[in-house]
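**Q** What follows is each chain in one-letter form.
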Amino acid sequence: MNIPLPVFVAIPLIAAFFLPILSGLGRKAKSFATLLANLATISLLVLAVLALGRSEDIQVYEIGKWSIPIGINMVLDGLSSLLLLAIGVVSTAAMLFSTRYMEQYTAKPKYLSLFMLMVAGMNGVVLSGDLFNLYVFLEIASIASYALVGFGCNNEELEAAFKYMVLGTIASVFVLFGIGLVYGNTGTLNMAYASKAINTVGLNPGLAFALALFVAGFGLKAALVPFHAWLPDAHPSAPAPISAMLSGVLIKTLGVYALTRMVFCIFGVSVTIGWLLVVLGLVSMVVGAFLAFGQWDFKRLLAYSSISQVGYVVLGLGLGATLLAQGHAAWASLAILGGLFHLVNHAVYKSLLFLTSGSVQMSTGTRQLKQMGGLAEKLPFTRTTCTIASASIAGIPPFSGFWSKLILVVAAVGAGLYWIAAIIVFVSLCTLIMYLKVQRYAFLGELPENLQQIKEHRGSMLVAMVLLAVLCSFMGLLVLVPYLRATVLTPAVDVLTDGLLYAVNVIGK
Amino acid sequence: MAANSSPSNGAKGMTVIVKTISSWVKMLIFLFGIYIIITGHLTPGGGFAGGVIIAGSYVLLMLAFGREFVEENLPLRWASRFDCIGALLFALVAVLGLILGGSFFVNWLFRQQILPSKALELVSAGTIPLSNIFIGIKVGASLFLIILVLSMFRPAHLRGEKE
Amino acid sequence: MAYAWCFLLFMTGLYCAVVKKNMVKIVLGIIIMEYAVNIFLIMLGYRIGGVAPIVGKGELAGIDKVTSAFVNNCVDPLPQALVLTSIVISLGSLALMIALCIRTYERYGTFDITEIRRLRG
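Chains as they are written, first to last, in numbering that gives the first Met the number 0: chain R, 0 to 508; chain C, 0 to 162; chain Z, 0 to 120.
Bear in mind the hints are in silico, worked out from the structure with no lab data behind them. Just so you know, even glycine gets a beta-carbon here, dropped at the ideal spot from N, CA and C. No incorrect hints appear here.
Below, in silico cross-link-like pairs of lysine to aspartate or glutamate (DMTMM-like), each with a Cα-Cα straight-line distance of 25 Å or less:
| # | chain 1 | residue 1 | chain 2 | residue 2 |
| --- | --- | --- | --- | --- |
| 1 | R | LYS109 | Z | GLU105 |
| 2 | R | LYS454 | R | ASP296 |
| 3 | R | LYS64 | C | GLU120 |
| 4 | R | LYS369 | R | GLU448 |
| 5 | Z | LYS20 | Z | ASP111 |
| 6 | R | LYS454 | R | GLU102 |
| 7 | Z | LYS19 | R | GLU155 |
| 8 | R | LYS195 | R | GLU55 |
| 9 | R | LYS107 | C | GLU70 |
| 10 | R | LYS195 | R | GLU61 |
| 11 | R | LYS109 | C | GLU71 |
| 12 | Z | LYS24 | Z | ASP111 |
| 13 | R | LYS195 | Z | ASP75 |
| 14 | R | LYS109 | R | GLU155 |
| 15 | Z | LYS19 | Z | GLU114 |
| 16 | Z | LYS20 | R | GLU155 |
| 17 | R | LYS107 | R | GLU455 |
| 18 | R | LYS109 | C | GLU70 |
| 19 | R | LYS64 | Z | ASP75 |
| 20 | Z | LYS24 | R | GLU155 |
| 21 | R | LYS107 | Z | GLU105 |
Beyond 10 Å from chain R on every Cβ pair, some chain C residues (computed):
| # | residue |
| --- | --- |
| 22 | THR14 |
| 23 | MET26 |
| 24 | LEU27 |
| 25 | PHE29 |
| 26 | TYR34 |
| 27 | VAL51 |
| 28 | LEU62 |
| 29 | LEU73 |
Here are the simulated distance ranges between beta carbons:
| # | chain 1 | residue 1 | chain 2 | residue 2 | range |
| --- | --- | --- | --- | --- | --- |
| 30 | C | GLY101 | R | PRO481 | 34 to 44 Å |
| 31 | R | PRO204 | C | VAL24 | 44 to 54 Å |
| 32 | R | SER42 | C | ASN72 | 36 to 46 Å |
| 33 | R | TYR417 | Z | THR109 | 46 to 56 Å |
| 34 | R | PRO68 | C | GLU120 | 26 to 36 Å |
| 35 | R | GLY52 | Z | VAL70 | 44 to 54 Å |
| 36 | C | VAL24 | R | LEU34 | 41 to 51 Å |
| 37 | C | THR14 | R | ILE41 | 57 to 67 Å |
| 38 | R | LEU38 | Z | THR66 | 44 to 54 Å |
| 39 | Z | ARG46 | R | ALA28 | 53 to 63 Å |
| 40 | R | SER42 | C | LEU149 | 34 to 44 Å |
In isolation and in its complexed conformation, chain R is listed as follows:
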C-alpha cells in the first residue's frame, strides 16, 4: 500500500500544534490531549508497518507536484522504512509510558507538544530526499530535544541542556556548511542529483571537506567517541521516556542514519571512509564500555552504554563500507545487516532499559545504584523486563542482541579481520559485567530501610515495558524467519549495498 509520505510528518506536527490549545481547558482536556498524543504515535506505528508492504522498492513523493530537480521530494526506501518502524515502536512505548510517568511534572501539554515535534523531525529526517530539508528536520528534532532535556528545570538539567545545545548547534552548523559546499560544487540540493553530480566529477577538495564536515556534524549528533561529551549528561537528565527516545532513536536517526545516507548513497563508499567509520565505531565501543563501568548512577551508566552500542552499529556499517569498496559484496551485506539489525535491537532494548530506570526512579526517588537493593520483590515487573533487556544487550542467546552481535562477528571473521571479532566479543563481555552490576545492586541484595514502603507503578507504564520486553525476546525472529527478514531487513541492506543506485532509482521514477 502506498501512503502519501508527508503524512508521517504532518500527523505529529498537527498534533504538536493542536495539543497546547487544550492546555488551558482544565483537567479533562489534559487527559484528552494525552489520549490524542497516544493515538498519534500509535497511528504512526501502524502507518510505518503498512509502509513495509508497499508495492515498489522505492517510493518517491513530490511535494506540491513539483518535479524533482526543482521541487522537494520525499523518498521511502528500505532503510527509511526500517527507521520509521523503529521510531514508531519506540515513540509509541515512550508515549504510553509518559502517560503515567509525566504526571510528576507540570506543563504536560507542552511536553506532549515537544515530544510530537521531535517525532515529526525524526520522521522528516528519515524520509527527506533533499539535503536542506534534511537539515531543517534535523534542527526541528534537535531543538525539541534540547528543550526536553532541560524540561525539569533543575540545575543539572539546565546545565546538561546547555551543554547538549551548544554541541548540538555546532554540529548543525557543520552540517549546514557541508550542505552549502555540496550545493556550491554540484549546483543541486536534491540528494539523488547531488549523488549523480558527485560521482561524475569525482571527490574534489571542496566535496572532501564537505564529507569531513558531515562526518564531524553527524558524528557529534550520534555521540561517537571523540564527540561524545554531551551524551552522558544529556540523556540521564531528561525525563525517562525522553531518555528512551534520545538513546533509542534520536542519536540513530540524526546521527547514524544521516551519516550512512551521506556516505553510502551520496558520496559513495571508499576504503578510507569505511576505515574511518570502523575506527570511530571501535573506539566508541571500547571507550563507552570502559566509562560505563565506573558509573553508579543508573541512567548515566545506560547513557555510556549507549555510546558503546552505537559503536557496534557504526562498526557494522563501516565494515560494510570497507568491504564494499574492496569488492567483497557478500560479506559486506552481512556486516551491514548486522549493523542495521543491531540498530533496531538497540532502539528496543535501550529504550526499555531507560523506561525501567524511570520506573525505578519513580518508585524509589533515586538513580544511585548504591542506594538501591532488593527491589526484585517490590518491583517484580520492572525487574523482569529489566533482566530481559539486560540479557538482550549483553548478547545472551535467545534474545535479540545475541543475533546481531553474532552476525557482526561472523562478518568480521569472514572478512579475515579476526581482531575486530575479538574486540566485539570482548566489549560484549564488558557489557555483560556492566549489566550484572545493575542487576546485583538494584534488584538483588538487601532492601534498604527507607525503601520498605515503595510500590510499583502499574498501568500504562507497565504496558509500555512489557510491550518492549516481548519485542526484545522475539526480535531474533527478524533474522531467523525468512519472510520477516525479506520484508524488514533485506530491503534496508540492499539500499546500502547498492549505494549509488539510489540516484538512479529516484531519478528514474
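Given chain R, work out where chains C and Z should sit, using these hints.
**A** Same frame as chain R, but now just chains C and Z:
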C-alpha cells in the same frame, strides 16, 4: 529594565515623550507588518518578515509602557493560542492540497483557477498568500511570546535587592 | 579570497564557542558561526554585477515567463531562500539558548561555566 526606569509618579514605562511617539508609531509599524505579509508573494518579505515586524510593534509597546500594559492587551495565553492556530491553519492549507489537489502543498487554488490569478496582482498565486498570512500570525505571536517570556525572568537574588 | 574570510569568520566563531568560559560568549560564538555559514551561502549564489532575483513588471515576458535577460543577470535565489530558512532556525535555537542561559543565571547567579559544575564530564 525599562519598566523600572520611569522618573514620574510610579507609572510603569518610559517618559511621556517616548510613550506619545510610540503610541503614534505603533500602528504604522503594525500596518507595515500587515503590508509586508499580504504582498509577500509579490515583493520581498512575506510571512516571516512581516510577522517579525508585527511582533516588533508589540515589543515597542512593551519597552515604552511596561510589560503589564502589553500583557493586558494580548495575554500570554492568547498569544500562545494564536501561535498554535497559525501553525494549524498552515497545516490545513497543506492538507487541503492533499485532499483537493492530490498531493501535499499543491497550490489547489491556483491550479483549479478558483481565484483570478494574473501575475503581480494582489489576489493571485493561489494558496501562497494564505500561507503567508498564517505564517505571519504564527511568527508574530511566537516572537512576541519569546520576548515577553524572556523579559519575565528575573534572577532570584536580584529580585530580592530591588524590592 | 572572500571564501577564505568567510572560513576565518567561521573559525573565529568556533574558537569563541569552544574556548570561552562565559555562557553568553559561547552563544555569541555560535551565532558568529551561523552567520559565517549564511554569508558563505549567499556568496555561493552571487555573481558580479547581478541583479536581485525579484520579478517586477519589467521582467515579465508573457503570463508566467520571465525574460531571459533577467534570468541571465540575476543572482541565484536558492541560497537566499536557504539563508532565510537558516536564519529562522537559528532564531529559534538562539531563543532557547538564551532562555537556558537566563534560567541558569537565575539558579547560580553567574554565567561562568567553570563555576557551574554539577555534572562531571
